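Residue numbers for the sequence shown, in the UniProt record's numbering: 1 to 145.
Simulated from the structure, these hints should not be mistaken for lab results. Bear in mind that the values here come from a model prediction, so they are computed numbers and not experimental data. Just so you know, even glycine gets a beta-carbon here, dropped at the ideal spot from N, CA and C. Possibly wrong hints are sitting among the right ones.
What the hints assert, rightly or not - Below, in silico cross-link-like pairs of lysine-lysine (DSS-like), each with a Cα-Cα straight-line distance of 30 Å or less:
1) Lys-134 x Lys-53
2) Lys-9 x Lys-134
3) Lys-124 x Lys-21
4) Lys-9 x Lys-124
5) Lys-4 x Lys-134
6) Lys-21 x Lys-134
What the hints assert, rightly or not - FRET-style restraints, in silico, Cβ to Cβ:
7) Gly-100 x Tyr-61: 33 to 43 Å
8) Leu-11 x Gly-100: 33 to 43 Å
9) Leu-15 x Ser-75: 14 to 24 Å
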Amino acid sequence: MPNKLGHAKSLIQDLAGYRFKDENILLDALDTTGLRVQQSNQRLALLRDAILKFIILDDWYPTGAGNDHVSRVGSNANLAAAARLHGIDACVLTNPGHRGPVSQATLSTTVEAIIGAVYLDSEKDLDAVHTFMKALGLTVPGPGL
1 MPNKLGHAKS
11 LIQDLAGYRF
21 KDENILLDAL
31 DTTGLRVQQS
41 NQRLALLRDA
51 ILKFIILDDW
61 YPTGAGNDHV
71 SRVGSNANLA
81 AAARLHGIDA
91 CVLTNPGHRG
101 PVSQATLSTT
111 VEAIIGAVYL
121 DSEKDLDAVH
131 TFMKALGLTV
141 PGPGL
């Protein structure tokens, strides 16, 4: 666990410049097993759902683009692809008996949970969350992009 946690901290810091103050929040976000916290990372993922939608809609509204961008950015497939692209899949804590790649649903939930963790750890700083999401490519492109 500490190895994956250290890798995740470095990855997030290098990717988005965000440094976690409370490692336990990040550890909860990476835990898909439910061994550390009942419901594993589900609570953080639910928090993320509202935050991600707000930030995507905030980026989207001024563009005048169709709302298909909003659905695409927040889709499980897109979140999982971002996790794989940036190496987050290597940081996910799975059950010891798990073999093979981490599923799309688990990767998506983990990215959602990390977004929720950044929100809580940053003392609800939406700019920090937006920076992290932008680094993952989880924002709506501006006009003309």
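Provide an ascending list of the numbers of those earlier hints which the structure does not satisfy.
Checked against the structure, the only hint that fails is number 8, while the rest are satisfied.
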